[in-house]
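For the protein sequence lines, the chains are F and X, in the order given.
Going left to right, the first sequence walks through residues 1 to 153 as our numbering numbers them.
Going left to right, the second sequence walks through residues 1 to 107 as our numbering numbers them.
It is possible that some hints are incorrect.
Reference excerpt, derived from the structure (chain X facing chain F, CB under 7 Å, subset only) [as the list claims (entries may be wrong)]: (1) LEU20; (2) MET21; (3) ILE82; (4) PHE85; (5) ARG86; (6) TRP89; (7) ASP90; (8) PHE93; (9) GLU97; (10) VAL99; (11) LYS104.
It should be emphasised that the hints constitute simulated quantities derived from the structure, not laboratory data.
All values reported here derive from a predicted model rather than from experimental measurement.
Beta carbons are placed, not taken as given, at the ideal position from N, Cα and C, and that holds for glycine.
Given next are the chains, with one letter for each unit.
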Amino acid sequence: MKTKIMAEDGKQEIFITREFDLPLSLLFKAYTDAEIVEQWMGNKVLKMECKPHGGYQFETKDKQGNVLFRANGVIHEFLPEKRITRTFEMENTSFPVQLEYLTFEQLSAETSKLTIHIVYKSVTDRDNMLKLPFAQGINMAHNRLQEIVSKLK
Amino acid sequence: MNLRRDVFQAIADPTRRAILMLLASQAMTAGAVASNFDTARPTVSKHLQILTECELIKQDQQGREIYYHLNVGKMKEIADFIEPFRKLWDDRFNKLEQVMKSYKPKT
């Protein structure tokens, strides 16, 4: 399993770790170049300001133009190829804003590691978020979008 | 009572996880389980009670003895609970890797 989730019970945080067969520079680029983010996240990137106090916004629409998912956040810390500290909030949902610490590390010339430490407002909010893919939500939007994208090819 | 939360609290405890590991191999009485730990017998009983309440283990009366055994279905449910979340990220990251492997810097 390349992607690992560490979620200790009773805590309002999780750690997502993943090792990539990519040099650190490419991994970091995948997170900061709006065009590339769109390709792998499957969202439209409305805004991407990679600097302290900058903001970002993602959106997913269905074929009819209805917004299925929209999220935004503010970037607090931006250290190229090291760390991004940002908030993340899903619009029009009851989920409170969450704080994300993204740490980028070089493992070798051709491999790198990403650690995402997410802090939630409460333990319950965290557990609900973990259950979300279970209860469709993003997953559905994600699948629907993949379907659209694959038809475009 | 939020049963789901309780289940996660139950498996967060290292002793209870060790008990689950023991019971994974065979059904055991409370006494047999306790003999594997340095902790006091009532402490082990309390752990067994919590695990039973969460349906992670089941009691089975055999003659005068009560045997505890793993509730495999419930255990599987927990293992699966976080899996869709992990899968979502794994798929996303696989895609990222794939996109970046064919990435050519614009000149």
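Going down the list of hints, with the structure as the test:
no., hint, verdict
1, LEU20, "violated, 14 Å"
2, MET21, "violated, 17 Å"
3, ILE82, "holds, 6 Å"
4, PHE85, "holds, 5 Å"
5, ARG86, "holds, 5 Å"
6, TRP89, "holds, 5 Å"
7, ASP90, "holds, 4 Å"
8, PHE93, "holds, 5 Å"
9, GLU97, "holds, 5 Å"
10, VAL99, "holds, 5 Å"
11, LYS104, "violated, 11 Å"
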